[in-house]
Amino acid sequence: MNPYFITANDFDAFVTKMSKDKKVIGPKAKKQKFVFGEIKSADHLRLDYDVTILPPKKVFTPTCQTLVTFDGDKFEGNVDNDGVILFGVHFYDIRGIDITDLLFRENNRDVNYLAKREASTIVGSNIQNVSKRSFWGSIGTSDSGPKGHDAFLTKMDGGYVLECLTQKGEDLVKFGNWSKASAAQVSEAEKINKDVMDKCSQKLSHSSSEIAEKVRNSFDNQELWSNLAEDCFSCGSCNTVCPTCYCFDVQDKWNLNQVSGMRNRYWDSCLTEDFAKVSLGAGSEENFRETRGERFRHRIMRKATYLNEKLGTPACVGCGRCSAACTADIADPVNVINKIMEV
Amino acid sequence: MTATDYSQVAPQGNIFLPKECKIVNVKQVTELERHFTLKHADGSKVKFEPGQIMEVSLFGFGEIPIGYASSPTRENTFDIVIRTVGRVSGAVNKLNEGDSLFIRGPLGHGFPLEDLRKKDVLIVAGGIGLCPTRSLIQYITDKRSEFKRFILFYGTKDPSQQMFLDDIAKWKKANDVEYHETVDRGDSNWKGNVGVITELFKKTELSADTRVVICGPPIMFRFVVAECEKVGIKYENIYLDLERRMKCGVGKCGHCQINDKYACIDGPVFRYSDLKKLEEAL
Amino acid sequence: MSKPKVAFFDFTCCEGCQIELTNFGDTNFLELLNHIDIVEFREAMTETSDHIDIAFIEGSFSREEDRKRLEKIRERAGVVIAYGACAVTGGINALKNDRPDYKQCVYGKDAEMPHLDSQIARPISDAIKVDFEVSGCPMDKYEFLDIVSHLLHGKTPVVPNYPVCVECKRNEQICRFDEGDYCLGMIAKAGCGAKCPADGIPCEACRGFIDSPNEAALKKVLMERGNMSEKWAEKKTKMFTANLRSDAKTLGV
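Residue numbers (our numbering), protein chains in the order written: chain A, 1 to 343; chain B, 1001 to 1282; chain C, 2001 to 2253.
Just chain A, same shape as in the assembly (with noise of 0.2 Å):
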């Protein structure tokens, strides 16, 4: 696979090109945000934006996916395998997808969700804006950077450079004015995405490995989790806006007919207080989460230690999502963990 080139001039053309032949789905504005959502010329995509409201998992995992719909006692599965390309996805995002890649995959494959995944092409690019709450660059370890995407685009002076490192992200270049990138675009992008890791105005104290046993230390510390929780509203944006959470809710709809309908599922959210309900009928219920406290541990246990085994990282990317979309401004990672580690 080789590294390619092409010209600030030329740039606009491949990304119209591109998007009049396949679905792109990239960054945009919304108002002073920015958002993933379809990219129809190139005036549209916002390379230089910091992070969007939603992680790009949503287009693999819709907020509502219809997983069955039925008729009567009738009934198909409803697998969306239509690729699209996913373009200017930020390296913490294709951190996050591969983490969702695993767990859809391993023991049962999810095909609801890997169909698609898997006829999709995904382009990385590098970080123009650093995003106020983001914290990525002290997130992880050495060998966990992000692997599935299938090309990598970097800005520079004058033009763009593209890495391709499947046949995928190869096939991308036949929709522009690509030229063969020289050693020295070559390391000056690799100079570009090395240099921004620093960036992060914020910043863990500790490695992963050592916040990985503090944090399951403090697991039985029920005042530092009430104390931490005590602000929670239980909303669930914090889960909402992650890109490694994936938990859903499965419910059936009835079209108004109430003969056919759909069997969806939404995103949930481990934060809400019904998320562990059971009912046990006779009007009693076994509530496995009841208070803030123990639903905000379960968070914070899940992003810092339950999965890091299985993942080989922390399931946390350091986007900053959640940091930003607590209005209790409660959830923020570097706040929780550094105080975890100080207790």
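These are computed hints drawn from the structure, not numbers from a lab.
There's no promise every hint is true.
[Unchecked claim] Covered by chain C, per the in silico footprint, the following chain A stretches (three or more residues, Cβ under 8 Å):
| no. | region |
| --- | --- |
| 1 | 25 to 35 |
| 2 | 158 to 167 |
| 3 | 236 to 242 |
| 4 | 267 to 274 |
We put the CB at the ideal spot given by N, CA and C, even for glycine.
Chains B and C: place on chain A using the hints.
Structure of chains B and C alone, referenced to chain A:
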């Protein structure tokens, strides 16, 4: 514990597609519970391990996790018991003989048959916990010679909550089943034991090498385990059948997560010695 | 099978929810009319009938003499559905519940006129058993239609018990707080699709609270991020959820 054969679980590779079953027989067992006997609509044999679960579903209502309540030794049909607690169970409990029901399963890990064979086995079932354990009870009584002593404790809130009355009558009569029962509150007709289920430990002598299977309301576990400990039964020989919100049944949706385990695929049957290490499990 | 007889009743309210119903005018609603027989509907017709299959009640229960009327409806009706915030929680009417001087405030010199006499505003369920509720101010006509369609088929509708933030985030809206505004979406019961924040206005919790609203944290956030004074932040949820606040109990609700 044997691994699940997921090819059975995921027709067409889609883990959310259920298979159709037909209701062969229905019995109202208590005010809230109905006992269904089902067969696969395509006539295929029923294969599962005692203690495994399935997602029972009705389109338009949803899915609920339910344990098999019969033994795989009876391979043409299988039983489930549904307690009316909400939307799905309420709708299922309105169905009749000949109606269709949909299931995804078998799912998860059941009772450790290999570890129970040639051993004394004690099953402690509280309330609706008798349903999933019935898959093991039937298995043991069907293959009685493979096991040594078989002791069964069954406790309910009151006599009206007792299920499988025909089975109970048989267990009471059988020479090779040591059956003991109790209720929290008796009524005017009740002549048996009154008191919590742990009282039944006084009724019999257990060897320290007994294998124990416990299924019932979460509150019951701690007390029963304490009784087992008194007899010298080791933690690794005690198995708990856990209740959780097993929404998807295939280890994806996150609702039944306990630490890094999923009750639906890593359980619902766990060794107590493993659970002890798992925060939030008990 | 004959069509179910459906009747609409109103108590203390603006009748806005009934208006919302007549606003339907689309094929879904006209289709619904094919399946039901409306026997009483003040905004659109006058007629009375003895037996009712489904009674829809709008408005709060705010006068003791209304209790009898409600009990009569309950006797006649197979299913009672409270619809709209006033009927479900007491709604905006409950704003007066801690104001003994509310009559003077509103009516001035006419305050002592006998027909203006009323007690505190309460949900319909304080007087009679209510089978289902359609929340919101006004109630959402599509949710109403969905619930009615469930009931007509003997099914139970599902209403979420998570806050509006869940739906708002799923919609990828910019948080009102990030726009320098305030919002009550964190403690408000969802099901509306978070339409208000999507339109650039704050959620006022018109569908009521989630089961365990963190009122103390709300006050803090309204002050720190919503730029409200302490007094204003403290009282903010009195608009639609006065009866649901933890201090409502002291008012005898």
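Structure-based check of each hint:
1. Only when three residues or more bring their CB closer than 8 Å to a CB of chain C does the claim for the region 25 to 35 of chain A stand; here the count is 5, and the claim holds.
2. Requiring three or more residues with a Cβ within less than 8 Å of a Cβ of chain C, the coverage given for the region 158 to 167 of chain A is violated, as only 0 such residues are present.
3. Coverage of the region 236 to 242 of chain A by chain C holds [criterion: at least 3 residues with CB-CB distance below 8 Å; count 4].
4. Using a Cβ-Cβ cut-off of 8 Å, 5 residues of the region 267 to 274 of chain A lie near chain C, which meets the minimum of three, so the contact claim holds.
Hint compliance for this structure: hint 2 is the single one not met.
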